[in-house]
Structures are given as structure tokens and as C-alpha cells.
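Colleague: Listed here are the chains, written in short residue letters.
There are 2 protein chains.
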Amino acid sequence: MNIILLTPEDWLNNRVVRLTDRRHEHIKTILKSVVGDTLRVGLWGGDRGAGVVAKTTSSCTELEITLSDPPLPRHPFDIALGLPRPKMLRRVLRTAAEMGVANLHLIHSARVEKSFWQSPLLHESRITAALQAGMERSGDTTPPTVHLHRLFRPFVEDHLPGLIGERAGWLADPGADQPLNPSREPGLILLGPEGGFVPFEIALAQSVGVTAGHLGTRVLSVDTALAATLSQALG
Amino acid sequence: MNIILLTPEDWLNNRVVRLTDRRHEHIKTILKSVVGDTLRVGLWGGDRGAGVVAKTTSSCTELEITLSDPPLPRHPFDIALGLPRPKMLRRVLRTAAEMGVANLHLIHSARVEKSFWQSPLLHESRITAALQAGMERSGDTTPPTVHLHRLFRPFVEDHLPGLIGERAGWLADPGADQPLNPSREPGLILLGPEGGFVPFEIALAQSVGVTAGHLGTRVLSVDTALAATLSQALG
Numbered sequence: 009m010n011i012i013l014l015t016p017e018d019w020l021n022n023r024v025v026r027l028t029d030r031r032h033e034h035i036k037t038i039l040k041s042v043v044g045d046t047l048r049v050g051l052w053g054g055d056r057g058a059g060v061v062a063k064t065t066s067s068c069t070e071l072e073i074t075l076s077d078p079p080l081p082r083h084p085f086d087i088a089l090g091l092p093r094p095k096m097l098r099r100v101l102r103t104a105a106e107m108g109v110a111n112l113h114l115i116h117s118a119r120v121e122k123s124f125w126q127s128p129l130l131h132e133s134r135i136t137a138a139l140q141a142g143m144e145r146s147g148d149t150t151p152p153t154v155h156l157h158r159l160f161r162p163f164v165e166d167h168l169p170g171l172i173g174e175r176a177g178w179l180a181d182p183g184a185d186q187p188l189n190p191s192r193e194p195g196l197i198l199l200g201p202e203g204g205f206v207p208f209e210i211a212l213a214q215s216v217g218v219t220a221g222h223l224g225t226r227v228l229s230v231d232t233a234l235a236a237t238l239s240q241a242l243g
Numbered sequence: 009m010n011i012i013l014l015t016p017e018d019w020l021n022n023r024v025v026r027l028t029d030r031r032h033e034h035i036k037t038i039l040k041s042v043v044g045d046t047l048r049v050g051l052w053g054g055d056r057g058a059g060v061v062a063k064t065t066s067s068c069t070e071l072e073i074t075l076s077d078p079p080l081p082r083h084p085f086d087i088a089l090g091l092p093r094p095k096m097l098r099r100v101l102r103t104a105a106e107m108g109v110a111n112l113h114l115i116h117s118a119r120v121e122k123s124f125w126q127s128p129l130l131h132e133s134r135i136t137a138a139l140q141a142g143m144e145r146s147g148d149t150t151p152p153t154v155h156l157h158r159l160f161r162p163f164v165e166d167h168l169p170g171l172i173g174e175r176a177g178w179l180a181d182p183g184a185d186q187p188l189n190p191s192r193e194p195g196l197i198l199l200g201p202e203g204g205f206v207p208f209e210i211a212l213a214q215s216v217g218v219t220a221g222h223l224g225t226r227v228l229s230v231d232t233a234l235a236a237t238l239s240q241a242l243g
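Those sequence lines, one after another, are chains A and B. Numbering-wise, my numbering comes out as the position in the first sequence, counting from 1, plus 8. Numbering-wise, my numbering comes out as the position in the second sequence, counting from 1, plus 8.
Same shape as in the complex, but just chain A:
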């Protein structure tokens, strides 16, 4: 945990927070902090700063908060990703949050199993928990906004052009004859599910101005492809 994320319910007054949950456990048993120690803190969705341990008991930790740093900047790439199977989804949410993605679109695609859309991991509280794990890793306070698109064609035809706007639109395809986004332009990157996009989907995306590019010659798993894409522009 590289940051203690604070929510409105934590505040005792306008300077002090009281933590009683896993953040308290972490401060007590992992960080082993004592009164006077300074910890990195941040407001969920807001500024970052320092928390000085003002009180520590077996059941709670109180921190005196000073917020002096703005939120971390957003990653230049938005991501649209074929909805992964549940186990992979958690990892994908965590990585997107860790790398500061502003918008993560989870989309349907021919090779996405319909049952994946029933996963309890798609409940807002579970998505938030997975994002939080990523934010805590990299010290970020801004979660990605996660958008669900249960139909591929309307997503591409009706939404994608507006989502890309004046920026670059790319789609990862191992069969493409050029590398993906070689000049690292800000934009939206489409990544297929396990097994990739089918030819019809690639053609439909190209018909609205998206360019196909490859991520090297290897077939990459979804989590590695996401990390590889985001690593092309490290903030």
C-alpha cells in the first residue's frame, strides 16, 4: 500500500481522520507506525498529501492530514477491452488503475463468453475494490471510470468516434503490418479478448477510422497486452 486512501466517512473534523478497517490494520501490522510517523495519504478522487499519526490503539489509528499535492496526471491512453473472464478482470482493473487510465471501456466481442457479463465482479463495489488495489499500489487517488458496453456494433458505430474525438484510435491485432501507435499519440486503444477480435470486428473498427497495429510478433495474454500497451507511454 503506497498510499492510504481517504473517504468522506473517515473524517472526525476538518483535520483528523480515524481509520478502523484494513487501512488501520495495515498501518499497525505492516507499517508498524507509531505516533509522530508520517504516511502518504490521499483523498479518493482528490488531492494527495501527508498524514501524521496522532493516536494509535488496538482498534483505530488517527491521522492529522495535510493535503498539498494535486492528483497524479492521467495516462494518455483510454482503453477499450474485450470483457475478460472474471479472474483476469480483477487483474486488468488493478493494472488500469495502477497506471492511471482515465477511461476503461469493457466491451462485448465475438470471443467474449456471454456468461462473463453475469460475473459478480462487475458489481460496482467489486469493481471499486479492484481499482482501489491498483491505486494503492501506485499512490494514485483517481480511479479509472469504467464503462460497460454489452453490444459491440453499437459501441463501435455510435460511441467510438465520439470517444476518440480528435485523438488517435488504434486496435491491437497480431496480424497488422505496422506496430501499434509508434509515435505514442494520446488516444484510445482497443484490445481484444482472449483469442483476439474477429475479422468483422477489425473491419468495423477500421470503418470508423481506427488503425490496426501489432504489439510485436508474440500472442500476448490480455493482462500482458494491457501492460505492454500502457507501457508505451509511461507517465
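Where hints are given, some of them may not hold.
Note that the list lumps identical chains together, so a pair holds whenever it fits in one copy or between two copies.
To be verified - Pairs of lysine-lysine residues, derived as DSBU-like cross-links and limited to a Cα-Cα distance of at most 35 Å, are as follows: (1) Lys-63 x Lys-122; (2) Lys-122 x Lys-40; (3) Lys-36 x Lys-63; (4) Lys-95 x Lys-63; (5) Lys-122 x Lys-36; (6) Lys-40 x Lys-63; (7) Lys-40 x Lys-95; (8) Lys-36 x Lys-95; (9) Lys-122 x Lys-95.
Just so you know, the hints here were simulated from the structure itself, not pulled from any lab data.
Given chain A, put chain B in place with the hints provided.
Modeller: Frame of chain A; chain B shown alone:
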């Protein structure tokens, strides 16, 4: 599974393999292959090619093998990584294998817990299984060679210069004032454990010619840092 990996015990004669384990299960229940279908296969540590389903029963699959493609090329970066906690170690082995790393050095470091060296995951068979999962993802037949170095100082002073040779030596340090290996030279990259290398370790590596560079401004977790590093040179 993007490739069926074959070992010497699988061969019935010099053309045909019989599979009875999870590869058979995978062919039967996931791929649902029937006689005449062609699957991607490869020799563990050798060439790649095609396997035509010659026979399928409830307990075994027989494939007729033709090996016509050479092994995939190796990634230009060797990696030396502070030994991660067991859960992370599996993921790291998988990613290194997926991206075709030739040599993965797992090293001790001040912030590596001594107990991590007792993990059953470091047994050769468990390492091989984790590497296999990565190779099966990307269709590779060559596993990374995994080297264990239980003492940091002798690793850096006695081994590192020889391991780097005429290539570039880099160390990931979030405090560095230049990006890591911006010209993507082949070489060896040192990545710290969770919490990073301590200043003494960075200085010791620099004393044998290693250059410190950062991977952006964010603190990255070990698996993301590895994927980010390897993604700088996608094969």
C-alpha cells in the same frame, strides 16, 4: 493454450505423440478437436510446427507431428529481479516466459524477506510449471533459464559484470533522473523487490557500470514493472 508443448516421453514413434494429461483434456474439452484438425505444437526447448489429430478417445489424443518452424527469438533483455513473494513469483515467471526472456536472475536484496527463499515455488518442478504456463500463452518453446542468487553483494561484484558483458546494464530506480534504457539497447535490467533497492545496492550496482533509470513517475508493482520493462522492446 496457444501451443501444445511436447516432451520426449510423449512420442510413440518418430512421427506420432500420444497425450493423456492436461494437454489431452485441453484438446478434448476446450479446443473440442476432432480427427483431422491441425493444432500448433512445439518441442520443449526446440522447434515449432503442426500436429494433426490422428486419433481421439476419452483417455488420449494422438497427434501426427511436423516440425517446420524454428524456436521464437529471445527477448533482447535479460532480467535480474529481487526475489518476489511467492504469489507474485508465479506471475513473474509466467510473464518472463511469455515474453521470451533468455535469462531470469532471481536475486536477494535488502528488502527481500529471507523466508521467500524457502518457498516451495522455487523447486525446479514448480518453476518449470509456471514457465510452461507462460510459454503456452505466447506459443514459445524455449523456457527462460532461471538463476538463483542468494547473496546480493557477490552477485553484483563477482557475477554481474560478466553477465552484462559488452551489453548495456540498467537498474530501475524511481529516483533516477533519466528514463531506463531509452535507446532500447540489448542488455541486462535489474528490477528491485517491492519497496525497491536500497541506496547502498544502487550505488554498488553503479560501481560496476550499471546505469540507473526510471520507469515513469509512478511507483509500479513488481509484475507491472517487469511487463513495462519488457514492453520497451517487443519482439
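Colleague: Of all the hints numbered above, which does this structure not satisfy? Sort the numbers upward.
Modeller: Of the numbered hints, all hold.
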